[in-house]
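J.: Protein chains in written order, with our numbering: chain A, 315 to 817; chain B, 315 to 817.
I should point out that these hints are in silico values taken from the structure, not numbers from a laboratory.
Given the structure is predicted, the values throughout are model-derived calculations rather than measurements.
Please note: incorrect hints may appear among the correct ones.
The list treats identical chains as interchangeable, and a pair is accepted whether it falls inside one copy or across any two copies.
[Claimed, not checked] Simulated pairs of lysine-lysine, DSS-like, Cα-Cα distance not exceeding 25 Å:
hint, residue 1, residue 2
1, Lys778, Lys593
2, Lys792, Lys599
3, Lys393, Lys792
4, Lys792, Lys667
5, Lys716, Lys599
6, Lys741, Lys572
7, Lys716, Lys741
8, Lys706, Lys600
9, Lys792, Lys778
10, Lys393, Lys599
11, Lys778, Lys469
12, Lys599, Lys497
13, Lys706, Lys792
14, Lys497, Lys741
15, Lys599, Lys706
16, Lys667, Lys706
17, Lys593, Lys741
18, Lys778, Lys716
19, Lys497, Lys402
20, Lys792, Lys741
21, Lys741, Lys778
22, Lys706, Lys716
23, Lys716, Lys469
24, Lys792, Lys497
25, Lys667, Lys778
The primary structure of each chain is shown beneath.
Number of protein chains: 2
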Amino acid sequence: MKAIQHTINHHFTITRRLPRPVRARQELLFDDTNRSSKASNPATRLAQSLTHMLHNQIESIHTQKTLTQSNFSTILEDKSNTPISFPKDDISNNWEEFHGANNWDDLLDPINPSLRQELLKYGELAQATYDAFDYDPYSEYCGSCRYNRNKLFEKLSLTRHGYHVTKYIYATSQIDLPRWLEKSQVAETWSTHSNWMGFVAVSDDEESCRIGRRDIVVSWRGTVSASEWYEDFQRNLETFGHGDAKVEEGFLSIYTTKFRSSRYNKSSASEQVMQELSKLIDFYKKRGEEVSLTITGHSLGGALALLNAYEAAAIFVNLPVSVISFAAPRIGNSVFRDELHELGVKILRVVVKQDVVPWTAGMVFNNESLQNFDEITGGLQWIHPHAGVELKLDARASPYLKRGLQLLGHHMLETYLHLLDGYESSKVPFRPDATRDIALVNKECDLLINELRIPPRWYQVANKGLVQNAYGRWVKPKRDPEDIPSPTSESANCNEMQSVLGY
Amino acid sequence: MKAIQHTINHHFTITRRLPRPVRARQELLFDDTNRSSKASNPATRLAQSLTHMLHNQIESIHTQKTLTQSNFSTILEDKSNTPISFPKDDISNNWEEFHGANNWDDLLDPINPSLRQELLKYGELAQATYDAFDYDPYSEYCGSCRYNRNKLFEKLSLTRHGYHVTKYIYATSQIDLPRWLEKSQVAETWSTHSNWMGFVAVSDDEESCRIGRRDIVVSWRGTVSASEWYEDFQRNLETFGHGDAKVEEGFLSIYTTKFRSSRYNKSSASEQVMQELSKLIDFYKKRGEEVSLTITGHSLGGALALLNAYEAAAIFVNLPVSVISFAAPRIGNSVFRDELHELGVKILRVVVKQDVVPWTAGMVFNNESLQNFDEITGGLQWIHPHAGVELKLDARASPYLKRGLQLLGHHMLETYLHLLDGYESSKVPFRPDATRDIALVNKECDLLINELRIPPRWYQVANKGLVQNAYGRWVKPKRDPEDIPSPTSESANCNEMQSVLGY
Numbered sequence: 315m316k317a318i319q320h321t322i323n324h325h326f327t328i329t330r331r332l333p334r335p336v337r338a339r340q341e342l343l344f345d346d347t348n349r350s351s352k353a354s355n356p357a358t359r360l361a362q363s364l365t366h367m368l369h370n371q372i373e374s375i376h377t378q379k380t381l382t383q384s385n386f387s388t389i390l391e392d393k394s395n396t397p398i399s400f401p402k403d404d405i406s407n408n409w410e411e412f413h414g415a416n417n418w419d420d421l422l423d424p425i426n427p428s429l430r431q432e433l434l435k436y437g438e439l440a441q442a443t444y445d446a447f448d449y450d451p452y453s454e455y456c457g458s459c460r461y462n463r464n465k466l467f468e469k470l471s472l473t474r475h476g477y478h479v480t481k482y483i484y485a486t487s488q489i490d491l492p493r494w495l496e497k498s499q500v501a502e503t504w505s506t507h508s509n510w511m512g513f514v515a516v517s518d519d520e521e522s523c524r525i526g527r528r529d530i531v532v533s534w535r536g537t538v539s540a541s542e543w544y545e546d547f548q549r550n551l552e553t554f555g556h557g558d559a560k561v562e563e564g565f566l567s568i569y570t571t572k573f574r575s576s577r578y579n580k581s582s583a584s585e586q587v588m589q590e591l592s593k594l595i596d597f598y599k600k601r602g603e604e605v606s607l608t609i610t611g612h613s614l615g616g617a618l619a620l621l622n623a624y625e626a627a628a629i630f631v632n633l634p635v636s637v638i639s640f641a642a643p644r645i646g647n648s649v650f651r652d653e654l655h656e657l658g659v660k661i662l663r664v665v666v667k668q669d670v671v672p673w674t675a676g677m678v679f680n681n682e683s684l685q686n687f688d689e690i691t692g693g694l695q696w697i698h699p700h701a702g703v704e705l706k707l708d709a710r711a712s713p714y715l716k717r718g719l720q721l722l723g724h725h726m727l728e729t730y731l732h733l734l735d736g737y738e739s740s741k742v743p744f745r746p747d748a749t750r751d752i753a754l755v756n757k758e759c760d761l762l763i764n765e766l767r768i769p770p771r772w773y774q775v776a777n778k779g780l781v782q783n784a785y786g787r788w789v790k791p792k793r794d795p796e797d798i799p800s801p802t803s804e805s806a807n808c809n810e811m812q813s814v815l816g817y
Numbered sequence: 315m316k317a318i319q320h321t322i323n324h325h326f327t328i329t330r331r332l333p334r335p336v337r338a339r340q341e342l343l344f345d346d347t348n349r350s351s352k353a354s355n356p357a358t359r360l361a362q363s364l365t366h367m368l369h370n371q372i373e374s375i376h377t378q379k380t381l382t383q384s385n386f387s388t389i390l391e392d393k394s395n396t397p398i399s400f401p402k403d404d405i406s407n408n409w410e411e412f413h414g415a416n417n418w419d420d421l422l423d424p425i426n427p428s429l430r431q432e433l434l435k436y437g438e439l440a441q442a443t444y445d446a447f448d449y450d451p452y453s454e455y456c457g458s459c460r461y462n463r464n465k466l467f468e469k470l471s472l473t474r475h476g477y478h479v480t481k482y483i484y485a486t487s488q489i490d491l492p493r494w495l496e497k498s499q500v501a502e503t504w505s506t507h508s509n510w511m512g513f514v515a516v517s518d519d520e521e522s523c524r525i526g527r528r529d530i531v532v533s534w535r536g537t538v539s540a541s542e543w544y545e546d547f548q549r550n551l552e553t554f555g556h557g558d559a560k561v562e563e564g565f566l567s568i569y570t571t572k573f574r575s576s577r578y579n580k581s582s583a584s585e586q587v588m589q590e591l592s593k594l595i596d597f598y599k600k601r602g603e604e605v606s607l608t609i610t611g612h613s614l615g616g617a618l619a620l621l622n623a624y625e626a627a628a629i630f631v632n633l634p635v636s637v638i639s640f641a642a643p644r645i646g647n648s649v650f651r652d653e654l655h656e657l658g659v660k661i662l663r664v665v666v667k668q669d670v671v672p673w674t675a676g677m678v679f680n681n682e683s684l685q686n687f688d689e690i691t692g693g694l695q696w697i698h699p700h701a702g703v704e705l706k707l708d709a710r711a712s713p714y715l716k717r718g719l720q721l722l723g724h725h726m727l728e729t730y731l732h733l734l735d736g737y738e739s740s741k742v743p744f745r746p747d748a749t750r751d752i753a754l755v756n757k758e759c760d761l762l763i764n765e766l767r768i769p770p771r772w773y774q775v776a777n778k779g780l781v782q783n784a785y786g787r788w789v790k791p792k793r794d795p796e797d798i799p800s801p802t803s804e805s806a807n808c809n810e811m812q813s814v815l816g817y
């Protein structure tokens, strides 16, 4: 009982550590896309950049056209009674371009509407990893996916994208990254080491026909409350690959750690996903199909996507590999970036101008406040270069969002998808014919203006999952047996792939 | 837009006021049931009493028999598959005793099991005012009851008690009591001044038969987060009635304020309830029925119950009037207490030893923490006497509750009902054959031991009331027209009473 109490207290305590003595760094790197005067302290630069951002936002309050409340009522009334459109343009003839073959030249500003739809699709597949994650510390399945892989898209209303999940990915870490791993408070739990980290999915025949190839997607789950960001600030870069490429050890540990004794991480996330990719690519190549790999993820998930892309491109030669990342932090040195380019990995980084995470190596979020900001800036010793092409969104373009510094809100994936949906070009404000549901923005944060009357952080289950049994007592129902995680049933075999995909 | 923003900020800001200069008091009164050395400062006494309470709790950690985790698993497993029993003992021959005619002599320690059931019934009718209250600041009906009076008990699974609601009560206040009134953030709202404060209900024929008389119940809603407690500390006693009885002006204002211009408080809560009582008593007396009045409420609701009882006993002579209050604070001077006794009002105050509210004139709760504690104790100048008979429950008796100082948890009505259900006598621990659902304790707080695996604060609606419309968009549904508050349909007429009650 004491041990449990201890765990619980630990879980709920907001960690406020004293800053550790900053270690000597092996690497002192700067983003070479910006002015990189060695004389300016990176902490100072971060502070400057935040000041600049703040200034932008304050300015925006004055320059923004104010919509009256009746405007909003009308807009909402109109919007809520219109379908959410999913133009399913045939892109079979130019899918390579949309997949980054020409580094998205001339496709981003103004954005090609078909490309926007493709990017939203990948973004929603990334969002699925949040929406289906079991965060409930009182569930014995905390840290797993709430549904089995065959039900995932149906439960999240994502079947319209035309993909099937073939495998779930699990990860652990050998480095103690506080508040990274979601852990159950229950003693007998599905796993004490591992968390569900995402999935591998494949386009079905109809979707493959529309997009011109069999598209394999890997979607990596991120985490917005985790202090792995914070911890990373105080850690070293580690070698990745066979050369001088280096990445931050926190991300690498999540990607590569395995424990023989664990149930879900006898193999690492890397091994799980690479094995699945190998199987799928082999399966479709043998059938003479054209195959692409698209790796997506938000925040930490965007970082893992890069590691995954690096490995996949190195092993599967001639396979088109793209990364569509959202709000991804910098993770490696310039050699890592250069090698990614040399391997032919195409990277489209979607970033929101007001989101601090992509501009720094990491951040700690806790509710709406930035924790230990001084410690973070004090500890900041390097800024790593970003790789790939950037699609920059401006939160000020949307008339639906609150102004001012919104550290958590501007980092959320749903905010990214909202802004992407409204994005036309860097010179034009939010397009009025955007169709995505605006209410989704407030799922996990408080970013929508109050006039819209959408409650903040509304994404919650009734009675935290308790239901009344036949006697009228409130109980935690058992999970459906088919949704209980099981290492053996979590990868599609060839028979299943054939039957699902219609062979 | 600015005005709305202001309201919202105000609503969410935790008020941290500087202590006002303590005004000269008209009254300096002490609880004369305790030793009342005038030399000892009341603030010091409160501090001593809290220290004592803390000591009790620390002690309890050592003396309590520790149950192992497997014990709890077994208990829970067993409990959750048993019915919640509601022994419907025939008390028609001794209802006067249970109603307090003999001041509950020899009925409380050990408690008479039939009386316990009656008290639980009234407690659940008080709890109904919390469970059905619309707290949603994004609802245009924030501050009202979520259901109309004919559906209330059905929606809350309380039809088993055999009562029908005949009228809803609304209140406002002419004194600015910050955070007392729950207000909508929406501009066009059902009421800007008033909150739903409870209801009047009548026992149906079957229940009346079992309990030996037609029982009229008034149930007053309390509030646990409100700072009316705090404000009250800094206010004066006001005259109530025609003599020297005085009560705190905060409570009195809620009970008696009316505004001509308002929709729901053209008449005060007092006038609404007294008019309804008059109508009902007249109706049943004319039919030659024996009638009783039982007034219940928790916290602030318990205070209002006393004001209501005082008025009712003064006006309806020979009507048996009882108050069953839970966690009620002190509210008046000793003349008020004496007059209540002289009027024949019978008062049973259920209090939990570890709850600080009944021992002080008031408290401010915000989440789990006590706000501005120093200011409160600093401002404390008097302690008013309690009236009536006390039934003292001990939180340490229950093996299901967390130990230590639990300011919010020990004050919650569900905790009271749990402890009452387990109460046998002051000398015996929690009775093992208590049948109430233990999970209810954690509805709005975090008091159950973690081994029970009941999430804290689990009472919440799915997606904060948003639902997907036909287009898949998340929208706030309109309230059912029948549940929209309406001043005209909120009191039963004689025809309805006859048809409902089976004449």
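J.: Hint by hint, which ones does the structure fall short of?
T.: 1, 2, 4, 5, 6, 8, 10, 12, 13, 14, 15, 17, 19, 20, 21, 23, 25
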